[in-house]
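Those protein sequence lines, which keep their order, are chains A and B.
Going by the numbering used here, the first residue of the first sequence is number 7, and it counts up by one from there.
Going by the numbering used here, the first residue of the second sequence is number 7, and it counts up by one from there.
Please note: incorrect hints may appear among the correct ones.
For identical chains, the list gives no copy identity; a pair is met inside one copy or between any two copies.
Taking lysine-lysine and the PhoX-like style, the derived pairs with C-alpha atoms no more than 25 Å apart in a straight line are [stated by the list, open to error]:
1. K308 x K231
2. K176 x K61
3. K173 x K61
4. K191 x K275
5. K295 x K240
6. K295 x K116
7. K323 x K247
8. K81 x K109
9. K191 x K173
10. K89 x K231
11. K109 x K308
12. K231 x K109
Since the hints were derived computationally from the structure, they do not count as laboratory data.
2 protein chains.
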Amino acid sequence: EMFLTENRYTLTITGAGTAAMECAIDNLCEPGDTVVCCVHGFFGDRMRQMYERAKVDLHLVTAPWGEPIDPENLKKTLDSLDKVDLVSVVHGETSTGVVQDVKTLAEVVKPSGALLLVDTVASMGGVEFRTDEWGVDVVYTGSQKCLSAPPGLSPITFSDRAVEKIKNRKTPPKSWYLDLMLNWKYWDDNPGYHHTGSIQTMYALHEALNLLQEEGLENRWARTKETAELLYQKLENLGFKMLVAPEHRLPTLTTAILPEGVDEAPMRKKLLTQYNIEVAGGLGDLAGKAWRVGLMGHSCRKESVHELHRVLSELLKGVTV
Amino acid sequence: EMFLTENRYTLTITGAGTAAMECAIDNLCEPGDTVVCCVHGFFGDRMRQMYERAKVDLHLVTAPWGEPIDPENLKKTLDSLDKVDLVSVVHGETSTGVVQDVKTLAEVVKPSGALLLVDTVASMGGVEFRTDEWGVDVVYTGSQKCLSAPPGLSPITFSDRAVEKIKNRKTPPKSWYLDLMLNWKYWDDNPGYHHTGSIQTMYALHEALNLLQEEGLENRWARTKETAELLYQKLENLGFKMLVAPEHRLPTLTTAILPEGVDEAPMRKKLLTQYNIEVAGGLGDLAGKAWRVGLMGHSCRKESVHELHRVLSELLKGVTV
Numbered sequence: 007e008m009f010l011t012e013n014r015y016t017l018t019i020t021g022a023g024t025a026a027m028e029c030a031i032d033n034l035c036e037p038g039d040t041v042v043c044c045v046h047g048f049f050g051d052r053m054r055q056m057y058e059r060a061k062v063d064l065h066l067v068t069a070p071w072g073e074p075i076d077p078e079n080l081k082k083t084l085d086s087l088d089k090v091d092l093v094s095v096v097h098g099e100t101s102t103g104v105v106q107d108v109k110t111l112a113e114v115v116k117p118s119g120a121l122l123l124v125d126t127v128a129s130m131g132g133v134e135f136r137t138d139e140w141g142v143d144v145v146y147t148g149s150q151k152c153l154s155a156p157p158g159l160s161p162i163t164f165s166d167r168a169v170e171k172i173k174n175r176k177t178p179p180k181s182w183y184l185d186l187m188l189n190w191k192y193w194d195d196n197p198g199y200h201h202t203g204s205i206q207t208m209y210a211l212h213e214a215l216n217l218l219q220e221e222g223l224e225n226r227w228a229r230t231k232e233t234a235e236l237l238y239q240k241l242e243n244l245g246f247k248m249l250v251a252p253e254h255r256l257p258t259l260t261t262a263i264l265p266e267g268v269d270e271a272p273m274r275k276k277l278l279t280q281y282n283i284e285v286a287g288g289l290g291d292l293a294g295k296a297w298r299v300g301l302m303g304h305s306c307r308k309e310s311v312h313e314l315h316r317v318l319s320e321l322l323k324g325v326t327v
Numbered sequence: 007e008m009f010l011t012e013n014r015y016t017l018t019i020t021g022a023g024t025a026a027m028e029c030a031i032d033n034l035c036e037p038g039d040t041v042v043c044c045v046h047g048f049f050g051d052r053m054r055q056m057y058e059r060a061k062v063d064l065h066l067v068t069a070p071w072g073e074p075i076d077p078e079n080l081k082k083t084l085d086s087l088d089k090v091d092l093v094s095v096v097h098g099e100t101s102t103g104v105v106q107d108v109k110t111l112a113e114v115v116k117p118s119g120a121l122l123l124v125d126t127v128a129s130m131g132g133v134e135f136r137t138d139e140w141g142v143d144v145v146y147t148g149s150q151k152c153l154s155a156p157p158g159l160s161p162i163t164f165s166d167r168a169v170e171k172i173k174n175r176k177t178p179p180k181s182w183y184l185d186l187m188l189n190w191k192y193w194d195d196n197p198g199y200h201h202t203g204s205i206q207t208m209y210a211l212h213e214a215l216n217l218l219q220e221e222g223l224e225n226r227w228a229r230t231k232e233t234a235e236l237l238y239q240k241l242e243n244l245g246f247k248m249l250v251a252p253e254h255r256l257p258t259l260t261t262a263i264l265p266e267g268v269d270e271a272p273m274r275k276k277l278l279t280q281y282n283i284e285v286a287g288g289l290g291d292l293a294g295k296a297w298r299v300g301l302m303g304h305s306c307r308k309e310s311v312h313e314l315h316r317v318l319s320e321l322l323k324g325v326t327v
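Please build the complete structure, drawing on both the sequences and the hints.
Here's what the structure looks like:
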C-alpha cells in the first residue's frame with residue numbers, strides 16, 4: 007500500500023487534491039480547536055485559508071520560500087500553547103521545491119498529543135513517506151502527480167486517533183460532500199450510496215497503483231532521487247543555480263534559477279511549442295527568475311533529463327551568442 | 007447550450023453532482039438566510055441536510071413520495087414569510103420518478119424576490135428545461151446521467167442576480183474548494199490556478215455535449231418522452247403499475263410497482279446477471295415493491311425497452327407457472 011499504513015479508514019475522494027485537503031481540514035477541525043499550520047509555500051498557505059474558514063484558533067509557523075519548516079520553531083510554538091488539537095504541514099511544496107523532513111516534525115509533535123496532518127500531493131509515490139512508522143495521522147495525495155493517473159481522484163487515509171476525534175465531534179463537518187463518515191459508507195465492505203464516483207478514473211488509478219507495486223515503492227523512490235540528481239548536475243552545467251539547499255531538495259520538483267541574461271518566459275514557450283517539453287514558471291518572488299521542473303511518476307526518466315539538457319544546450323547557445 | 011442560458015457564470019465542478027449541490031448551497035447561503043426547501047424525495051432531503059449545515063432559517067414544503075410539490079403549498083409558505091432569500095427544488099426526483107413543473111413554481115417564486123435553485127442531475131438533457139425563459143437562477147447537473155459522459159464532473163450555472171448575492175456575501179462560503187468566485191477564476195477567459203480539473207472527463211463531456219447538439223436538445227427531449235411512453239405501455243402489459251400519475255412522470259426514470267407474487271430482488275438479479283440489464287430497486291417505502299427503470303442519454307432507446315419487455319415476458323412466465 008502506497009501510504010504504508012494499516013489504517014482501515016483509507017479511501018478516495020471524488021475531486022482534486024484540494025478537495026482532499028478540505029476533506030481533511032473539514033473533518034478534523036471544529037470551531038475553536040487549536041491548530042498549528044506550518045507554511046513554507048503556496049500550498050501551506052492554502053491550508054491556512056481553509057483553517058480560517060473553519061474558524062479555528064490558528065497559529066502559524068513559517069519558513070521563507072525555499073526553506074523547510076525548522077523543527078525548533080515548531081517546538082517553540084507547541085510549547086507556548088496549552089493544548090494543540092492539530093498540526094499540519096506540506097511534505098513536498100511544489101511552489102518552492104522543498105521537501106519537509108516529516109519524520110523529525112512528527113517526533114516534535116508527538117509529546118503535544120496533537121494530530122498530524124500531511125499534504126503529500128506532490129510527493130506520495132515519489133519520495134520516501136512512511137505514514138504509520140513516522141506516526142502521521144492523516145495523509146492525502148492526488149491521482150495525477152507521482153502516480154501518473156488522470157486527475158480527478160484523491161486518496162486519503164485517517165488513523166484510528168483521527169477517526170476517534172471525528173466520531174466525537176460536537177458539530178457535523180461543514181461539508182456534506184466531504185464528510186468522512188458519509189464517504190466511508192460508500193467505500194465500506196457493505197457500501198451504501200453517497201455520490202457517484204468517477205469510475206473510469208478509478209480504474210486508471212488502480213492500474214497506476216499496480217504499476218507502482220510492480221516497480222516497488224522503494225525502487226520508485228530511488229529512481230526519482232537518481233533522476234533528480236542527474237537533473238541538478240545537467241542544469242548546473244548549463245549555468246542554472248539550484249534554489250534549495252541539497253539536503254532539502256524535493257526530488258519530484260526542482261526549482262532552478264535561470265542563468266543571467268536568459269528571458270525565462272520566451273524560453274519556456276520555445277521548449278513547449280518547439281520541443282513539447284513543459285516546465286513551470288516560478289511563483290511569487292520567483293516569478294520571472296526561476297523554473298520549476300517536475301519529475302513525477304512515469305515522466306521521471308533519465309531520458310527526459312538528457313533530452314531537456316540537449317535542447318536547452320542548443321537554445322542557450324542561441325541566446326548567449 | 008444545454009442549460010438554455012446566457013449566464014456568464016457557467017462552469018464545471020470537479021466532483022459528483024452532490025458536489026455541485028453543495029457548491030450551489032454553500033455559495034448562495036449565509037447563516038441566518040431564509041430558505042424554503044421543497045422536498046418530494048431523497049434528493050430534496052439531501053438538500054435539506056446541507057441547509058442544516060449552512061445554518062439557515064429553514065422552511066420545508068413537502069409532498070408525499072410519488073407526487074410533485076403543489077405550487078399552492080409553496081405559495082402559502084412564501085406568503086407566510088417576511089422575506090425569502092432562496093427557494094430550491096429538484097426537477098427530476100430519481101428516488102420517486104416524479105418530474106417537477108419548474109415553470110409554474112418559478113412563477114410562484116417570482117413575486118417573493120427569492121433566488122430559485124433547481125437540481126437537474128437526473129433530467130438535464132432528457133427533459134424540457136429552460137433556465138432563462140423560466141427565470142431559474144442556479145441550475146446544476148451531473149456528467150453521467152442524461153449526458154452519458156463518465157461521472158466526475160458537474161456543470162453549474164449562476165444568473166447575474168445569484169452572482170450579485172454571492173459577491174455581496176458578508177462571510178466567505180464554508181468551502182474553499184467549491185467557492186464559486188475562486189472556481190470562476192479557473193474557468194475565466196484568463197484562467198488562474200485553483201485546482202487540477204479532471205481533464206480526460208472534460209474531453210468526454212465535451213464530446214457528449216457535441217452529440218447532444220448534433221441530435222438537438224428538443225429532439226433529445228422528444229426521444230426520451232416517446233421511449234418512456236413505450237416503456238409505460240410495455241410494463242403495464244406485463245402487470246406492472248405506474249407509481250406516478252401520467253402528468254407528473256419523469257421520462258428519464260420510471261417507478262413501476264411489480265405485479266403481485268413477483269420477488270423483486272431475485273428478479274432484478276436475474277436481469278443483471280443473465281441479461282446484463284440493470285434496473286434499480288425502490289427506495290424508502292418503495293423498497294421491495296417497486297423498480298426504478300432509467301432511460302437516460304444513450305441508453306434511452308426503444309430497442310432497450312423492447313429487449314426488457316422480451317426478457318421480462320419470459321422471466322415472469324416462469325414465475326407465475
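Each hint tested on the structure:
1. Taking identical chains as interchangeable, the C-alpha atoms of K308 and K231 lie at most 25 Å apart only when both belong to the same chain, with a minimum of 11 Å there against 58 Å between chains.
2. Proximity of K176 and K61 under a CA criterion of 25 Å is satisfied in both settings, with 15 Å inside one chain copy and 15 Å between copies.
3. Taking the shortest alpha-carbon separations for K173 and K61, both the intra-copy value of 19 Å and the inter-copy value of 21 Å come in at or below 25 Å.
4. For the homomeric pair K191 and K275, the shortest alpha-carbon distance between copies (23 Å) is at most 25 Å, but the shortest distance inside one copy (47 Å) is not.
5. Taking the closest pair of Cα atoms, K295 and K240 come within 25 Å of each other only inside a single copy of the chain (18 Å); across copies the shortest separation is 70 Å, beyond that limit.
6. Taking identical chains as interchangeable, the C-alpha atoms of K295 and K116 are never at most 25 Å apart, the minima being 39 Å within one chain and 55 Å between chains.
7. In this assembly of identical chains, K323 and K247 lie within 25 Å of each other by CA distance solely inside one copy; the values are 18 Å within and 79 Å between copies.
8. Taking the closest pair of Cα atoms, K81 and K109 come within 25 Å of each other only inside a single copy of the chain (14 Å); across copies the shortest separation is 61 Å, beyond that limit.
9. In this homomeric assembly, K191 and K173 come within 25 Å of each other (Cα to Cα) only inside a single copy, at 14 Å, whereas the closest approach across copies is 36 Å.
10. Taking the closest pair of Cα atoms, K89 and K231 never come within 25 Å of each other, the shortest separation being 38 Å inside a single copy and 62 Å across copies.
11. In this homomeric assembly, K109 and K308 never come within 25 Å of each other (Cα to Cα): the closest approach is 29 Å inside a single copy and 61 Å across copies.
12. In this assembly of identical chains, K231 and K109 lie within 25 Å of each other by CA distance solely inside one copy; the values are 18 Å within and 61 Å between copies.
Of the numbered hints given earlier, the model fails hints 6, 10 and 11; all others are met.
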